[in-house]
Amino acid sequence: MEIGKVVGSVITVSKIEELRPVKLFLVDILDSEFKLKNDFVVCIDTVGVGFGDLVIVTQGSGSRFTEISKPTHTDAAIVARVDDYNNFLGER
Amino acid sequence: MEIGKVVGSVITVSKIEELRPVKLFLVDILDSEFKLKNDFVVCIDTVGVGFGDLVIVTQGSGSRFTEISKPTHTDAAIVARVDDYNNFLGER
Amino acid sequence: MEIGKVVGSVITVSKIEELRPVKLFLVDILDSEFKLKNDFVVCIDTVGVGFGDLVIVTQGSGSRFTEISKPTHTDAAIVARVDDYNNFLGER
Amino acid sequence: MEIGKVVGSVITVSKIEELRPVKLFLVDILDSEFKLKNDFVVCIDTVGVGFGDLVIVTQGSGSRFTEISKPTHTDAAIVARVDDYNNFLGER
Amino acid sequence: MEIGKVVGSVITVSKIEELRPVKLFLVDILDSEFKLKNDFVVCIDTVGVGFGDLVIVTQGSGSRFTEISKPTHTDAAIVARVDDYNNFLGER
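Protein chains in written order, with my numbering: chain X, 12 to 103; chain Y, 12 to 103; chain H, 12 to 103; chain R, 12 to 103; chain W, 12 to 103.
If you are wondering where the hints come from, they were derived from the structure by calculation, not from laboratory data. There's no promise every hint is true.
For identical chains, the list gives no copy identity; a pair is met inside one copy or between any two copies.
As the list claims (entries may be wrong) - Cut-off 25 angstroms, straight-line C-alpha distance, at most; resulting in silico cross-link-like pairs (SDA-like, lysine to any residue):
id, residue 1, residue 2
1, K46, V24
2, K48, G61
3, K46, G59
4, K34, V60
5, K34, G59
6, K48, V58
7, K34, E44
8, K34, N97
9, K81, V58
10, K34, F76
11, K34, L65
12, K81, F62
13, K34, N98
14, K81, G19
15, K46, D64
16, K48, L65
17, K46, G63
18, K46, V58
19, K34, K81
20, K34, G19
21, K34, S20
From a predicted model like this one, the values you see are computed outputs, not experimental measurements.
Only chain X is shown next, with the shape it has when bound in the complex (with noise of 0.2 angstroms):
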């Protein structure tokens, strides 16, 4: 998984059934010293979140593994909120 930032929702109306009613989210992926990669990601929702949270990413397959995306097609899904993160990377 990966840690990202909501930084933006899309709307779609042309878009096939399963994803009918479901939030889609543009998520901007951090590297390890929890910058935007400026690469993002646009992901299911499937936690409730909002603009601005740093939220976890599933891809692949495993994106599909929880009660709301399973029935879609996505191959990419918000899972979790992030509230708190330790980061030893100052030791290297």
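Could you slot chains Y, H, R and W onto chain X? The hints should help.
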């Protein structure tokens, strides 16, 4: 998933059975500033899109979770057209 | 999927059972300007291609969804020969 | 799989059910000279590791093939602690 | 699949059950000019290889489609030794 722009199409004759009835589009993926990455993906169209459209692309096994792509061996599908989006990257 | 060019072949003796009867080609993937990325993939040929051909490559589990590749442990397959393509990148 | 170093941990409250009882570590992946890539992965710990440990990380569907990670939607798991390694890169 | 060179091995004590009886090698992947990418993968050996051998590596779920790797949670396996190859990149 990722946002991409439909930039071309591919015509194949000698392709294997499963891909025959589907349209294959070239989609260039966007970075977080909505610029083309110059890195395209050959996608099955499951929505009905046109050149220049912004679309959502699913890669990996999720691309075979639609009615149209299920019987194929694809690893990428256009699953929605993007009608609008909000981007709060300017807040950074 | 991606477009690549067949640039070589691989001969293996001590390979495991499942890969014995198949041909393995080196395919260099193209970027969106149709230049070689210098990043090749070893692919099972499910179509019957030759050196220099432009081909479509499926990676991941989708590469095992063809009659020829199904019993193998491959993660990449040539699934079509590209006969023509339209590219509207010049419009950008 | 890849070798990484445990560089931090993540605390989440509003995470979905499946991830509740597991520990999430930040693991920075190593390049072939055993330097940190500054590209970390959020991993489920299936072994019992500590900060600074060198570990083996499995990504993708394989990360859910352990007793601890099976019921989760993870895409990355720590599956072993590295006790020693031989590196013959100097021979190149 | 990709071509790589066996450049080292990994010794783990505290690994989980499924990986116990298998050998783990460090494989550095080659680019299209057959130079090391300095980006290695920890692979299960399903063939019986030695240091310096050129090998074919399968990643993802395909790596668990061999007799040896099936019960494991690996995401990478050495599936063949490369005995020879033809490379027509010079024609470009």
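Here is how each hint holds up against the structure:
no. : hint       : result
1   : K46 to V24 : between (32 angstroms within a copy, 22 angstroms between copies)
2   : K48 to G61 : within (20 angstroms within a copy, 27 angstroms between copies)
3   : K46 to G59 : within (23 angstroms within a copy, 28 angstroms between copies)
4   : K34 to V60 : both (10 angstroms within a copy, 21 angstroms between copies)
5   : K34 to G59 : both (9 angstroms within a copy, 22 angstroms between copies)
6   : K48 to V58 : within (23 angstroms within a copy, 30 angstroms between copies)
7   : K34 to E44 : between (28 angstroms within a copy, 21 angstroms between copies)
8   : K34 to N97 : between (30 angstroms within a copy, 13 angstroms between copies)
9   : K81 to V58 : both (14 angstroms within a copy, 20 angstroms between copies)
10  : K34 to F76 : both (17 angstroms within a copy, 18 angstroms between copies)
11  : K34 to L65 : both (17 angstroms within a copy, 18 angstroms between copies)
12  : K81 to F62 : within (24 angstroms within a copy, 31 angstroms between copies)
13  : K34 to N98 : between (31 angstroms within a copy, 15 angstroms between copies)
14  : K81 to G19 : within (23 angstroms within a copy, 30 angstroms between copies)
15  : K46 to D64 : both (14 angstroms within a copy, 24 angstroms between copies)
16  : K48 to L65 : both (14 angstroms within a copy, 22 angstroms between copies)
17  : K46 to G63 : both (13 angstroms within a copy, 22 angstroms between copies)
18  : K46 to V58 : within (23 angstroms within a copy, 29 angstroms between copies)
19  : K34 to K81 : both (14 angstroms within a copy, 24 angstroms between copies)
20  : K34 to G19 : within (11 angstroms within a copy, 29 angstroms between copies)
21  : K34 to S20 : within (8 angstroms within a copy, 28 angstroms between copies)
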